[in-house]
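*Asks:* Below are the chains, spelled out letter by letter.
There are 2 protein chains.
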Amino acid sequence: VNRLSQQIRFIVEIDKLKQVVRQTILMDRSRAENSAEHSWHLALMALVLSEHAAFRQVDVGRVLKMVLIHDLVEIDAGDTFCYDEGPASASKTERETAGAERIFNLLPEDQAKTFRALWDEFEKAETPESRFARALDRLQPVLHNYLTKGMAWRKHGIRKSQVLGRNQVIEDGAPALWSFAKAIIEEAAQKGYLASDPS
Amino acid sequence: VNRLSQQIRFIVEIDKLKQVVRQTILMDRSRAENSAEHSWHLALMALVLSEHAAFRQVDVGRVLKMVLIHDLVEIDAGDTFCYDEGPASASKTERETAGAERIFNLLPEDQAKTFRALWDEFEKAETPESRFARALDRLQPVLHNYLTKGMAWRKHGIRKSQVLGRNQVIEDGAPALWSFAKAIIEEAAQKGYLASDPS
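Taken in order, these protein sequences are the chains called A and B.
Under our numbering, think of the first position of the first sequence as 1, with each following residue one higher.
Under our numbering, think of the first position of the second sequence as 1, with each following residue one higher.
Hints listed in this document are in silico derivations from the structure and should not be mistaken for laboratory results.
For clarity, every value in this text was computed on a predicted model and none was experimentally measured.
Even for Gly, the Cβ is constructed at its ideal location relative to N, Cα and C.
Careful, some of the hints might be misleading.
[Stated by the list, open to error] Distance condition first, Cα-Cα at most 27 angstroms in a straight line; then the derived DSSO-like pairs of lysine-lysine:
id: 1; chain 1: B; residue 1: K16; chain 2: A; residue 2: K155
id: 2; chain 1: B; residue 1: K191; chain 2: A; residue 2: K16
id: 3; chain 1: B; residue 1: K182; chain 2: A; residue 2: K16
id: 4; chain 1: B; residue 1: K16; chain 2: A; residue 2: K16
id: 5; chain 1: A; residue 1: K16; chain 2: B; residue 2: K155
id: 6; chain 1: A; residue 1: K191; chain 2: B; residue 2: K155
[Said to hold, decoys possible] Some, not all, of what chain A presents toward chain B, calculated at C-beta under 7 angstroms:
id: 7; residue: Q7
id: 8; residue: I11
id: 9; residue: V21
id: 10; residue: L26
id: 11; residue: M27
id: 12; residue: V48
id: 13; residue: A54
id: 14; residue: F55
id: 15; residue: D59
id: 16; residue: A125
Could you build the full structure based on these sequences and the hints that come with them?
*Replies:* Right under this line is the structure:
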């Protein structure tokens, strides 16, 4: 099999990400978002919001690559709701690592290694680029929930403390975006888009 | 209005690209593709296929940016089928330019200029990066048509000569990808996925 054939096989395989449905609802409230269009939205957010990254010298090109590929493992593993605390959450790492093994290895070996390294970097969340990428990945569904009057939050009875706890990592990657997120979470709670925390 | 508010307004506005439906059918034949997931697919193709670009020194980062934003104008202008030769095709440039004016100008002025320059570069197709980006934009629907047994081609009665004529620009940006495209177009014609040309 020559390089181009391997590359085309990968390009064909990843068409399946367009069928991986998320909990997030589009802002016009018409339907659930899929992971391919989600990844595109994060890439645009990276281009537009990079000045708010916690570290000045963030390499936007690497952030773009990370957000574009970060969800490919969901072709095998499915999307796991970020507030899930059940068995799906417990097995997430294992399922996604198996997906990474299979999907990236459709590529020629050098490219498979590069893609896997980018995915590992995203998962570890240690570098400025991966922390910024993860901040965007958390901010986007908060924004969608806010603008759909909490459609996904209400469906699952999510509480304000859960949203604050789960998304605080935004601060690591982009403190200004965490301030923005906190403000809309507060407003969402006041408007009744979130379930009550036990007082 | 501060910068972040303008940026968020843009990020909210572009959610609409997920609702712009194309003629291309997903490879599993389940539904039509939208322009957001199409743009994501092109970005992955740029990452994987850049070694096949006509010019060795192609700046992949700029290719990524171009393919990520090239269809935003469709939020206002809608998608125009690439084989359309009617009034939609005649007014395409005008409608899309008006879309570019409105949508990019939601951003802070410096970012609006950067995005507009990238879109203009893509449209003019003069640089190595824009020629490669356009080659990917043409190759992707050919691949989808080939794998769906010509679903979109057959719906519109598209002929082999039209497909060859319309997509020959792939050669300008990526000669090896044009060889590949010609081979699958030839096979598609033999399998009856394309209408007959008058002999």
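*Asks:* Does each hint hold? Answer for all of them.
*Replies:* Structure-based check of each hint:
Under the criterion of a C-alpha separation no larger than 27 angstroms, the hint pairing B/K16 with A/K155 is consistent with the structure, at around 23 angstroms. A threshold of 27 angstroms between alpha carbons decides the hint, and for B/K191 with A/K16 the separation of about 25 angstroms falls inside it, so the pair holds. The hinted pair formed by B/K182 and A/K16 meets the criterion: a straight-line CA distance of about 25 angstroms does not exceed 27 angstroms. At most 27 angstroms may separate the alpha-carbon atoms for a hinted pair to count; B/K16 and A/K16 meet this at roughly 21 angstroms.
Straight-line distance between C-alpha atoms of A/K16 and B/K155 comes to about 23 angstroms, which keeps the hinted pair within the 27 angstroms bound. The hinted pair formed by A/K191 and B/K155 fails the criterion: a straight-line CA distance of about 48 angstroms is larger than 27 angstroms. Annotation: A/Q7 was flagged as interfacial toward chain B, and the flag holds, the nearest CB pair being 5 angstroms apart, inside 7 angstroms. Look at A/I11: its Cβ gets to within about 6 angstroms of chain B, closer than 7 angstroms, so that hint holds up.
Among the interface hints, the one on A/V21 is violated; its C-beta lies about 12 angstroms from the nearest C-beta in chain B, farther than the 7 angstroms criterion. The beta carbon of A/L26 comes within 6 angstroms of a beta carbon in chain B, closer than 7 angstroms, and the hint placing it at the interface holds. The criterion of a C-beta within 7 angstroms of any C-beta in chain B is met by A/M27, whose closest approach is roughly 4 angstroms, and the hint holds. Against a cut-off of 7 angstroms between C-beta atoms, the interface hint on A/V48 holds, since the closest Cβ of chain B lies about 5 angstroms away.
With its C-beta approaching chain B no nearer than about 15 angstroms, A/A54 sits outside the 7 angstroms limit, and its interface hint is violated. Given the 7 angstroms rule on beta carbons, the hint for A/F55 is violated: about 18 angstroms separates it from the nearest Cβ of chain B. Below 7 angstroms, beta-carbon pairs count as interface contacts, and A/D59 has none with chain B, the closest being about 9 angstroms; its hint is therefore violated. A hinted interface residue such as A/A125 counts as satisfied when its beta carbon comes closer than 7 angstroms to some beta carbon of chain B; here the least separation is about 21 angstroms, so the hint is violated.
Of the hints listed earlier, those the structure fails to meet are numbers 6, 9, 13, 14, 15 and 16, in rising order.
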